[in-house]
Amino acid sequence: MSNSVISVISRFLEEYASSTPNKLKVIDAYLLYIMMTGALQFLYCLLVGTFPFNSFLSGFISCVGSFILAVCLRIQINPQNKGEFLSISPERAFADFLFAHTVLHLVVINFIG
Amino acid sequence: MYPFEGLFSLLVLSLVLETQALTPTHHLTTTDVARLQAVLSQPFTDLKSAYYSVVGLSKLGISVADAATCRFIKSNLDPSSVESLFFAAEASQALPGCEIPVSNDTRDLLLATVSEDSTASQIHQSVSALSSLGLPLASQEVVSALKARISKEDNVLTIILALQTASRLSQQAELGEILEEIEDLAARLDDLGGVYLQFEEGLEATALFVSAAYALSDHVDMEPPLKEDQVIQLVNSIFSKKSWDSLSEAFSVASAAESLSNNRFHVPVIVSAQGPAAISHSQPFLRLQVTNVLCKPLSSASVLVESATATSSKSAILSQAPFTLRDGVFELNFMASQPASGYYQFSVAIAGDSRFVANHVELKVKVSTRVSINNMDLSVVDKDQSIGPKTTRVEYPAKAKASFMADSHQIFAMTFQLVDETTGVELTPHQTFVRLHNQKTGQEVVFVAEPDSKNLYKFELDTTERKTEFDSISGTYALYLMVGDATLENPILWNVADVVLKFLDEEAPSTIQAKTLYTPKPEIQHLFREPEKKPPTVVSNAFTALVLSPFLLLLILWFKLGANISNFTLSPSTVLFHIGHAAMLGLMYVYWTHLNMFQTLKYLAIIGSFTFLAGNRMLAQKAVKRLVDNLAAKLL
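Just so you know, the sequences run in chain order A and B.
Numbered according to UniProt numbering, the first sequence spans residues 1 to 113.
Numbered according to UniProt numbering, the second sequence spans residues 1 to 636.
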């Protein structure tokens, strides 16, 4: 059982390393970074307490929001999905990504207190 | 549906009941009339105030026979002014032996003022002056001028002046239309709560309306279309104000009072009891003052008690008993009918003149009496009835010589009767209290003595039962009997005896503490909200570093992936875009530290639009480059 799981995982990693374009890997690295930051914030909240609750929420939502926006960017940029996003060029996706981030950061900074 | 019908009929019924017997709630007393007279007697400064004073006082029945006044009027007269002529003419009319010289020019001026173009006030003044000076005038012309004036100006004061003017004209003139204005004006009065009826223009207008309406009605000998209740409501409005702001207001009140006392149709009657409406053996006469609105007694009236019923038993004591007039006051010896003490509802009718209005009055009369205490018996009874009671009789106001002892085996009892001193009828006053007062500790306990079915009062004190009221403090208590009632003339506080009470389980006698209601209470300290406990700085710093660490990981990963910045073209739009973007991030930091949302949005709009333009340019260039590369790759 575990054998097959390990083999599946190693196969997946191989495929990933070989067939994913570089751009997407860059975004995936970014996604990993965001996720780790969010997880560490959550860990802090669990361990130490929710004292400035608004700050915790703001930081956590920032991570979650950034993750979602990056995922959207990744989907839109992926050449394999080109058929579904005919009207949206990668540049347009990136511009949307930046704009959405601006709004997100505005709200986050407002709430962080 | 049904509840609304019921409510509606109840409302109608209450309205009907209310309007049935309306009597004046406000009227002038003799002091008010004296005050009115004093206001009108103030020394006058000009012709107008002289007019108000002289004519006003004459309306109150006081004549000013003063040569100085006449000289003042003559010297202040301005023959070229209609108003001045009016004041002088009216004032001289009220002064005996004062004549104003009249020239042809004066007469012509006054006659010329009677036209449609003059104001109603001018017409009124010229007609009154002509009439007072004895000069002839053409009544029909006046009537047509007034009618034209009323149709042009429909306000209350104009119509009142028209009514006043019409009352000075000849009786042959056609005054019918002007007479109808009284009814129209009466409809414009505001009914306030069913008690007051007045114009929104104020007291003066209402008072002038009353005097004008009655003056005209008397002149044409036709009853004014005012109902009795309306007359009473007008009386309430006009005489509710007891001090007057101006001479003209005082004058209008005096005019109204005079017309309501002396007209041919409605004379409101004011009935008031002289002093409190209370009768006793020492004061057996019920005295009523029956006057008109000027506080002059109506000697032609005959006052009759239609019925006098006791409020408690509803039995009629008197029926159709007349009052006798003595020194201007109507009195009736009510005690002669030997009424029991209590309250009585009198229904009084004033007859004698068909003009009387509000001549049915309801009065509440109190009959008080003196009480005496009979058969006060004090005894100490053993609980198990083994020893017979020793009864001691005490006479008021003496005190029992020996004090009574009662401990836990005995009951202290008291019986007495309260009777009317003169008639011997048993009474049940509202307050019959027995008060026990401990002289040493200052404690007092009060009980109520209740009468039984034969009106014999009984009070029993069982020491075991009443332990809590006394706090089980034994000692000598002074016993007082308190009797009081609204209809008793001699309330009683009688120290009957001393009672020594012994309680079981006596606690150490503690002095009674005065109630600490009014001493300062302990101060309340306000606790401000404690700030929440913060984690130690070390922990937060450590975690801050930990949270920032994935950034390093990101940089390492990107480096490993070979993310290149070699495609970084140094075109202006790219540089500007990156600067703008960095500025936006910097703005976020500044927003966190210094700014508020509005300022941030303002700066963001500026930087954002700049960045957008630059970024648009840059991305367009990149897109072009990408497409070119794709094409090149395809072609190759």
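Rather than coming from a laboratory, the hints here were simulated on the basis of the structure.
Careful: at least some of the hints might be erroneous.
Example chain B residues on the side facing chain A (calculated, C-beta under 7 Å, incomplete) [unchecked claim]:
| id | residue |
| --- | --- |
| 1 | Asp78 |
| 2 | Pro535 |
| 3 | Val539 |
| 4 | Leu546 |
| 5 | Leu552 |
| 6 | Leu554 |
| 7 | Leu557 |
| 8 | Trp558 |
| 9 | Met588 |
| 10 | Tyr591 |
| 11 | Trp592 |
| 12 | Leu619 |
| 13 | Lys622 |
| 14 | Ala623 |
Using N, Cα and C, we set each Cβ at its ideal position, and we do this for glycine too.
(message) Name the hints, by number, that the structure is in violation of.
(response) Numbers 1 and 5 - these are the hints that the structure violates, sorted from lowest upward.
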